[in-house]
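Student: For the sequence shown, the working numbering begins at 374 and goes up steadily by one.
Incorrect hints may have been included.
To be verified - Ranges between beta-carbon positions, derived for each pair:
1) Gly729 to Lys418: 42 to 52 angstroms
2) Lys656 to Lys422: 24 to 34 angstroms
3) Lys426 to Leu683: 52 to 62 angstroms
To be verified - Mimicking DSS-like on lysine-lysine, the simulated pairs with C-alpha atoms at most 25 angstroms apart in a straight line are:
4) Lys699 to Lys440
5) Lys440 to Lys426
6) Lys440 to Lys515
7) Lys631 to Lys644
8) Lys536 to Lys418
9) Lys448 to Lys426
10) Lys644 to Lys440
11) Lys664 to Lys636
12) Lys699 to Lys664
13) Lys687 to Lys656
14) Lys515 to Lys664
15) Lys687 to Lys699
16) Lys536 to Lys422
These are computed hints drawn from the structure, not numbers from a lab. Every value quoted in this text rests on a predicted model; they were computed, and no experiment measured them. By construction, the Cβ of each residue, glycine as well, lies at the ideal position given by its N, Cα and C atoms.
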Amino acid sequence: MEEHQHVRKGVMAAHDGMIAPPRKMFRKKKSVLPDLNVMVNGIVKGSVKELAKAITFIESNADDHYKYGQDLLQKLLPYTGNAIRIGITGVPGAGKSTFIESFGMRLCDAGHRVAVLTIDPSSSISGGSILGDKTRMEQLAKHPNAFIRPSPSGGTLGGVHRKTRETLALCEAAGFDVILIETVGVGQSEFIVRSMVDFFMLLALTGAGDELQGMKKGIMEMVDAVVVNKADGTNKSLAEKTKREYNQILHFLQPATKGWESKAYTCSALKNEGIDTIWTMMKEFRDVTEKSGVLIERRRYQTKEWLHTLIMEKLKNHFYRHPYVKEQIGQLEQDAMNGDIPPSQAAEQLFKQVYGTE
374 MEEHQHVRKG VMAAHDGMIA PPRKMFRKKK SVLPDLNVMV NGIVKGSVKE LAKAITFIES
434 NADDHYKYGQ DLLQKLLPYT GNAIRIGITG VPGAGKSTFI ESFGMRLCDA GHRVAVLTID
494 PSSSISGGSI LGDKTRMEQL AKHPNAFIRP SPSGGTLGGV HRKTRETLAL CEAAGFDVIL
554 IETVGVGQSE FIVRSMVDFF MLLALTGAGD ELQGMKKGIM EMVDAVVVNK ADGTNKSLAE
614 KTKREYNQIL HFLQPATKGW ESKAYTCSAL KNEGIDTIWT MMKEFRDVTE KSGVLIERRR
674 YQTKEWLHTL IMEKLKNHFY RHPYVKEQIG QLEQDAMNGD IPPSQAAEQL FKQVYGTE
């Protein structure tokens, strides 16, 4: 029986010399930025949604986002400066998140609008952060008068994100009258947060004793108050003892703020005890520094620090984006690690090519 053969029609393709049919290329859509005036009006009216969007633009490294964020900040500057800025630091386990939630809830219930800027440490290996502060402040996160924004430190020294100052200004423009900045924790360069807040507070644990000997003098010289947390139950008497020890140290140190005597206090964030006393003390601080002119002078100095921080960041970005640096730095790193060239000479070579100087 004769077999019938059927030949199927071929498909045109480039691999066999035929011309391939045109394919639709995937092109990423160009991002359309929100109308600047609409965004400004939304933030000024207190829209948390618009505020969150604006902060995302401020934190972005994309060129178009950066420019948009700076234009937005320029328009919002007249609406900033009306909040009390409070920095809170302390060793891990001191109960910073618990304190902020208790303190924030107290203020929100009293009619204040509270913005909390929390900084999570970024991994030096992966660069990632957990950003779990909202889960640790579940009640406060749900309050209509509160806004919590976690940000990665991104390796920035001082325990604050590089855009914390800009974020702070945006929150003020949105009508938040109390700004709380929770830093990564006590560290050698924690002083950076001091340069952006009015009031700087150290949250401490009981049983200080030997720990006080190891406390960095630099931190103690910068604080406007020390608050000993977890002063409840059987721990209460120990907390009072710790408070007295801190007061003895503070008495012999130069005050962090001219015209203000830094003191130690106790509280129990878990039981909401002592929170009102701390807020009353902070309001007194604000009154004293406003009347003396210290607050205005501090804000002026902080603006200068902000300027120099941005200059340093811009110089760093410009340097590492230079074509010669991108091309040569890998080899120079290897040469330096192999001992073929001193690191100082490698740096001089790069600077000479980028700036024409050593």
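Student: Indicate, hint by hint, whether the structure satisfies it.
Tutor: Checked hints:
1. Gly729 to Lys418: 42 to 52 angstroms: Check passed, 50 angstroms falls within 42 to 52 angstroms.
2. Lys656 to Lys422: 24 to 34 angstroms: Once the Cβ atoms are compared, 30 angstroms apart, the range 24 to 34 angstroms for Lys422 and Lys656 holds.
3. Lys426 to Leu683: 52 to 62 angstroms: violated (22 angstroms)
4. Lys699 to Lys440: holds (24 angstroms)
5. Lys440 to Lys426: Between Lys440 and Lys426 the Cα gap is close to 14 angstroms, so the pair holds against 25 angstroms.
6. Lys440 to Lys515: Cα-Cα ~32 angstroms, so violated.
7. Lys631 to Lys644: Violated. Lys631 to Lys644 sits at ~33 angstroms, over the 25 angstroms cutoff.
8. Lys536 to Lys418: Holds, at about 23 angstroms.
9. Lys448 to Lys426: This hinted pair holds, its Cα atoms lying about 16 angstroms apart.
10. Lys644 to Lys440: violated (46 angstroms)
11. Lys664 to Lys636: holds (20 angstroms)
12. Lys699 to Lys664: violated (52 angstroms)
13. Lys687 to Lys656: violated (37 angstroms)
14. Lys515 to Lys664: violated (36 angstroms)
15. Lys687 to Lys699: holds (16 angstroms)
16. Lys536 to Lys422: holds (19 angstroms)
In this structure, the hints that do not hold are numbers 3, 6, 7, 10, 12, 13, 14, in rising order.
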